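Chains as they are written, first to last, in the numbering used here: chain A, 211 to 538; chain B, 211 to 538.
Incorrect hints may appear among the rest.
As the list makes no split between identical chains, a pair holds if one copy fits it or if it spans any two.
[As the list claims (entries may be wrong)] Keeping only pairs whose Cα atoms sit at most 20 Å apart, straight-line, the calculated PhoX-like set for lysine-lysine is: (1) Lys377 with Lys528; (2) Lys476 with Lys311; (3) Lys406 with Lys476; (4) Lys511 with Lys321; (5) Lys311 with Lys528; (6) Lys476 with Lys360; (7) Lys452 with Lys476; (8) Lys484 with Lys528; (9) Lys406 with Lys374; (10) Lys360 with Lys322; (11) Lys377 with Lys451; (12) Lys528 with Lys429; (13) Lys311 with Lys322; (14) Lys321 with Lys484; (15) Lys452 with Lys406; (16) Lys476 with Lys270; (17) Lys429 with Lys311; (18) Lys321 with Lys377; (19) Lys452 with Lys360; (20) Lys406 with Lys451.
Hint data in this document are derived by calculation from the structure and do not stem from the laboratory. Bear in mind the structure is a predicted one, so any value in this text is a computation, not a measurement.
Protein chains: 2
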Amino acid sequence: MTIRIAISGYGNLSRGVESAISHNPDLELVAVFTRRNPESITLRTPNVPVVSIDQIEQWKDRVDVLVLGGGSATDLPVQTPELAQWFNVVDSFDTHANISKHFDNVDAAAKKAGKVALISAGWDPGMFSLNRVYSDAILPDGRDYTFWGKGVSQGHSDAIRRIKGVKDARQYTIPVPSALEAVRSGTNPELTTRQKHTRECFVVLEDGADAAYVENQIKTMPNYFSDYDTTVHFISEDELKKNHSGLPHGGFVIRTGTTGMDSEFKNVIEYSLKLDSNPAFTGSVLAACARAVYRLSNEGKSGCVTILDLPPAYLSAKSGAELRAHLL
Amino acid sequence: MTIRIAISGYGNLSRGVESAISHNPDLELVAVFTRRNPESITLRTPNVPVVSIDQIEQWKDRVDVLVLGGGSATDLPVQTPELAQWFNVVDSFDTHANISKHFDNVDAAAKKAGKVALISAGWDPGMFSLNRVYSDAILPDGRDYTFWGKGVSQGHSDAIRRIKGVKDARQYTIPVPSALEAVRSGTNPELTTRQKHTRECFVVLEDGADAAYVENQIKTMPNYFSDYDTTVHFISEDELKKNHSGLPHGGFVIRTGTTGMDSEFKNVIEYSLKLDSNPAFTGSVLAACARAVYRLSNEGKSGCVTILDLPPAYLSAKSGAELRAHLL
Numbered sequence: 211m212t213i214r215i216a217i218s219g220y221g222n223l224s225r226g227v228e229s230a231i232s233h234n235p236d237l238e239l240v241a242v243f244t245r246r247n248p249e250s251i252t253l254r255t256p257n258v259p260v261v262s263i264d265q266i267e268q269w270k271d272r273v274d275v276l277v278l279g280g281g282s283a284t285d286l287p288v289q290t291p292e293l294a295q296w297f298n299v300v301d302s303f304d305t306h307a308n309i310s311k312h313f314d315n316v317d318a319a320a321k322k323a324g325k326v327a328l329i330s331a332g333w334d335p336g337m338f339s340l341n342r343v344y345s346d347a348i349l350p351d352g353r354d355y356t357f358w359g360k361g362v363s364q365g366h367s368d369a370i371r372r373i374k375g376v377k378d379a380r381q382y383t384i385p386v387p388s389a390l391e392a393v394r395s396g397t398n399p400e401l402t403t404r405q406k407h408t409r410e411c412f413v414v415l416e417d418g419a420d421a422a423y424v425e426n427q428i429k430t431m432p433n434y435f436s437d438y439d440t441t442v443h444f445i446s447e448d449e450l451k452k453n454h455s456g457l458p459h460g461g462f463v464i465r466t467g468t469t470g471m472d473s474e475f476k477n478v479i480e481y482s483l484k485l486d487s488n489p490a491f492t493g494s495v496l497a498a499c500a501r502a503v504y505r506l507s508n509e510g511k512s513g514c515v516t517i518l519d520l521p522p523a524y525l526s527a528k529s530g531a532e533l534r535a536h537l538l
Numbered sequence: 211m212t213i214r215i216a217i218s219g220y221g222n223l224s225r226g227v228e229s230a231i232s233h234n235p236d237l238e239l240v241a242v243f244t245r246r247n248p249e250s251i252t253l254r255t256p257n258v259p260v261v262s263i264d265q266i267e268q269w270k271d272r273v274d275v276l277v278l279g280g281g282s283a284t285d286l287p288v289q290t291p292e293l294a295q296w297f298n299v300v301d302s303f304d305t306h307a308n309i310s311k312h313f314d315n316v317d318a319a320a321k322k323a324g325k326v327a328l329i330s331a332g333w334d335p336g337m338f339s340l341n342r343v344y345s346d347a348i349l350p351d352g353r354d355y356t357f358w359g360k361g362v363s364q365g366h367s368d369a370i371r372r373i374k375g376v377k378d379a380r381q382y383t384i385p386v387p388s389a390l391e392a393v394r395s396g397t398n399p400e401l402t403t404r405q406k407h408t409r410e411c412f413v414v415l416e417d418g419a420d421a422a423y424v425e426n427q428i429k430t431m432p433n434y435f436s437d438y439d440t441t442v443h444f445i446s447e448d449e450l451k452k453n454h455s456g457l458p459h460g461g462f463v464i465r466t467g468t469t470g471m472d473s474e475f476k477n478v479i480e481y482s483l484k485l486d487s488n489p490a491f492t493g494s495v496l497a498a499c500a501r502a503v504y505r506l507s508n509e510g511k512s513g514c515v516t517i518l519d520l521p522p523a524y525l526s527a528k529s530g531a532e533l534r535a536h537l538l
């Protein structure tokens, strides 16, 4: 028997979830819900209905876990608690500063409905969080560092696109190699924002736009760029399409810390990801989390959880005995 | 209120557990049990009794979790099931081929006694296993590789010491850099034993010993060395003490795999450890696992578990709300 998964929304992340489901034989995609006209959407999975979000309640007994493909800014704060009244849900809420509030809202809704809701799944928050927590628990006398990239930041790319005269843009976040090395050496450096990452921008101008103006607007943009060493390249639309159409990402979580009665031993724990496609990988994490949510729900659990609450074995399609025999 | 931890044995690993407890304010060392004369042992923690193992049963209501410092060859297969009749226990059983059998034995004993027993904690099995399982769950279409080192293998050092004419020895296991690079590139190479690791031996000869004989005995030793490119250095006892007295270790778990509907995206997940002291780090993992076992036991759970069954948050001294606010 397969686990029946539905997806709400059909953007990049939802398509990542869809492809992950297609590679996991124990998971089955049973429906995609959309705010758009369902007829305008063609799934890549054959024979799966696209349904108006208005009819989602009618599906509450036909779906084991609903994966939400929405965004953290406006979609998920509303959708996750609302949909948890009918479904076990998984979201990728990634506004770190608001996770505690989102957790409380979703927890209340899910507990009331007797559903399990997993929030903030993905790789950061997600796999990176797991590594921060494990490493902090093992090396309490230590310090952790998270670096992102090299990868495309959608938020920063969007910010550039809003500047007058910009036709299109892609922004890469890049960890500073010397900062990574300093961290790995165990010297516990204090690193400023500028010392940790650089930002590289590829910008297509509209006809007649003022390049100097655009470059200055980017480099002085508060929050997004002004605290970073930023490089701006003006390129053609063809070049952007040819060389910068992907959504690669990745990064590093490094904890250095001491062990020994007199803290005499140094240790470095490093976790890194290198991803050709951020949404496809994030979708794969969400699919594995949906499996775990299904199992928690079958145990009679309810309420909001995060990946920090999931026994690792619950994410795997393999049985406990298989895992012990082959992966432990 | 602290969690009352006891340790059985007082070798390198037990001292690692002791030092980890000293750095975790929520954990308290309440006793060390030994097969030796208790008076011959001086703990590094003040005011903690050293007790004969013969009296261990009398402590069953004064200890929340007993951490076993014994070895996998002969100690743990007997001790873990036996001690699980009186205590929640944690061991570091690391003979991969026998884990399933050990699990079944310990599970029967722990279930009968209503205790929680965690086996095979440490870094491999342990943290490396976690990373193999998470990565396998997220990237089912992929392949994982584990490399060990650079680090001291106690088993291989012991094997050299048993050769006639050898006074002392230290053996380092070293991953082959080109193999690591090939794996990271995502080409899924087939690697032989010889292609993955080299072995470097530092040997102190007894007076008048035959160096050529010793070197040949090492390099042709089945299972231990004959399948590897092995280098042998003869050094003085002073040099061994000065430069090779530590027990550093570490290694890499790398999974490469594809995502995307047509498996069009490559991904690399890499986890690595660099440890000045293998037993001190392993002891730190066992201490964090003892915390998790205490929590499982308080929930009324019983039976054998591994680190794959522990919600990550259970290993941390921080509350769920703290973890969500600061580490998620």
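Taking the hints in turn, this is what the structure says about them:
{"no.": "1", "hint": "Lys377 with Lys528", "verdict": "neither (48 Å within a copy, 47 Å between copies)"}
{"no.": "2", "hint": "Lys476 with Lys311", "verdict": "neither (37 Å within a copy, 35 Å between copies)"}
{"no.": "3", "hint": "Lys406 with Lys476", "verdict": "neither (22 Å within a copy, 26 Å between copies)"}
{"no.": "4", "hint": "Lys511 with Lys321", "verdict": "within (9 Å within a copy, 23 Å between copies)"}
{"no.": "5", "hint": "Lys311 with Lys528", "verdict": "between (34 Å within a copy, 18 Å between copies)"}
{"no.": "6", "hint": "Lys476 with Lys360", "verdict": "between (28 Å within a copy, 15 Å between copies)"}
{"no.": "7", "hint": "Lys452 with Lys476", "verdict": "between (45 Å within a copy, 18 Å between copies)"}
{"no.": "8", "hint": "Lys484 with Lys528", "verdict": "neither (25 Å within a copy, 30 Å between copies)"}
{"no.": "9", "hint": "Lys406 with Lys374", "verdict": "neither (29 Å within a copy, 54 Å between copies)"}
{"no.": "10", "hint": "Lys360 with Lys322", "verdict": "neither (42 Å within a copy, 53 Å between copies)"}
{"no.": "11", "hint": "Lys377 with Lys451", "verdict": "within (12 Å within a copy, 66 Å between copies)"}
{"no.": "12", "hint": "Lys528 with Lys429", "verdict": "neither (49 Å within a copy, 39 Å between copies)"}
{"no.": "13", "hint": "Lys311 with Lys322", "verdict": "within (17 Å within a copy, 43 Å between copies)"}
{"no.": "14", "hint": "Lys321 with Lys484", "verdict": "neither (37 Å within a copy, 43 Å between copies)"}
{"no.": "15", "hint": "Lys452 with Lys406", "verdict": "neither (29 Å within a copy, 37 Å between copies)"}
{"no.": "16", "hint": "Lys476 with Lys270", "verdict": "neither (52 Å within a copy, 35 Å between copies)"}
{"no.": "17", "hint": "Lys429 with Lys311", "verdict": "neither (33 Å within a copy, 62 Å between copies)"}
{"no.": "18", "hint": "Lys321 with Lys377", "verdict": "neither (47 Å within a copy, 66 Å between copies)"}
{"no.": "19", "hint": "Lys452 with Lys360", "verdict": "within (18 Å within a copy, 42 Å between copies)"}
{"no.": "20", "hint": "Lys406 with Lys451", "verdict": "neither (29 Å within a copy, 40 Å between copies)"}
This entry does not satisfy hints 1, 2, 3, 8, 9, 10, 12, 14, 15, 16, 17, 18 and 20, going by the numbered hints stated previously.
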